[in-house]
Amino acid sequence: AQSVTQPDIHITVSEGASLELRCNYSYGATPYLFWYVQSPGQGLQLLLKYFSGDTLVQGIKGFEAEFKRSQSSFNLRKPSVHWSDAAEYFCAVGTGNQFYFGTGTSLTVIP
Amino acid sequence: SAVISQKPSRDICQRGTSLTIQCQVDSQVTMMFWYRQQPGQSLTLIATANQGSEATYESGFVIDKFPISRPNLTFSTLTVSNMSPEDSSIYLCSVAGFGGGETQYFGPGTRLLVL
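If you read the protein sequences in the order shown, they are chains P and B. If you're matching positions, the first sequence starts at 1 in my numbering and goes up one per residue. If you're matching positions, the second sequence starts at 1001 in my numbering and goes up one per residue.
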């Protein structure tokens, strides 16, 4: 069965530091992969997606993610975090019209 | 991407009552979905809203509790019936098939508190 694992429930980083949020998936083929961000009191906003091609994808707000087939991973990165990046981040796998979400990683940014 | 709106944005309801949540998209879309996000949790798919036919419900969700309508390609409603405090959640509408793609785009959510 398909599944998405985000091992880190909560991460705290200093403003200006780099960030990596981990995502591992279980699926028999290459799935569609997504990262969403949810700010407090808001809906989910798409940060980036991977369907095929270049395994390093660029998204909005300075985020990027790298698909590694051998590790079944799709980790999200940002070189320099801003205080406004504090939010909940969800990794998702899409197969056909089904989406499977991870449990989310809560990011706190300290000054 | 599509612009998705939901009404109401939040509500406080008494147990035993029902609330209907509306989802409006600014473009015709193939697929519309309803999710529940309980406090501090991830998203759980309630059902796929099918235009012109009955919604497809996920395991653990039933039509009597969560009736869904989808009268056209830009609008859907979700009703939370006979509410209990356990129904306190964020309810999110999403759409896919916009421009033929697989990506799901989400509405801002409806925050429901049942007393």
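No lab work stands behind these hints: they were computed from the structure. On a predicted model such as this, the values are computed, not experimentally measured, just so you know. Heads up, the beta-carbon is just placed ideally off N, CA and C, and yes, glycines get one too. Hints may contain errors.
Unchecked claim - Using C-beta positions, here's what the derived DEER-type ranges look like: (1) B:S1069 <-> P:P111: 27 to 35 Å; (2) P:S70 <-> B:R1015: 36 to 44 Å; (3) P:P7 <-> B:L1113: 26 to 34 Å; (4) B:L1115 <-> P:S26: 15 to 23 Å; (5) P:K68 <-> B:G1060: 43 to 51 Å; (6) P:P111 <-> B:G1052: 47 to 55 Å; (7) B:V1062 <-> P:K61: 24 to 32 Å; (8) P:K61 <-> B:D1011: 27 to 35 Å; (9) B:P1039 <-> P:G28: 30 to 38 Å.
Unchecked claim - Which stretches of chain B does chain P cover? Using the computed rule of at least three CB atoms under 8 Å from a CB of chain P, they are: (10) 1060-1071; (11) 1078-1088.
Status of each hint after checking the structure:
| no. | hint | verdict |
| --- | --- | --- |
| 1 | B:S1069 <-> P:P111: 27 to 35 Å | violated, 48 Å |
| 2 | P:S70 <-> B:R1015: 36 to 44 Å | violated, 51 Å |
| 3 | P:P7 <-> B:L1113: 26 to 34 Å | holds, 31 Å |
| 4 | B:L1115 <-> P:S26: 15 to 23 Å | violated, 40 Å |
| 5 | P:K68 <-> B:G1060: 43 to 51 Å | violated, 33 Å |
| 6 | P:P111 <-> B:G1052: 47 to 55 Å | holds, 53 Å |
| 7 | B:V1062 <-> P:K61: 24 to 32 Å | violated, 39 Å |
| 8 | P:K61 <-> B:D1011: 27 to 35 Å | holds, 31 Å |
| 9 | B:P1039 <-> P:G28: 30 to 38 Å | holds, 33 Å |
| 10 | 1060-1071 | violated (count 0) |
| 11 | 1078-1088 | violated (count 0) |
Violated hints for the displayed structure, listed by number in ascending order: 1, 2, 4, 5, 7, 10, 11.
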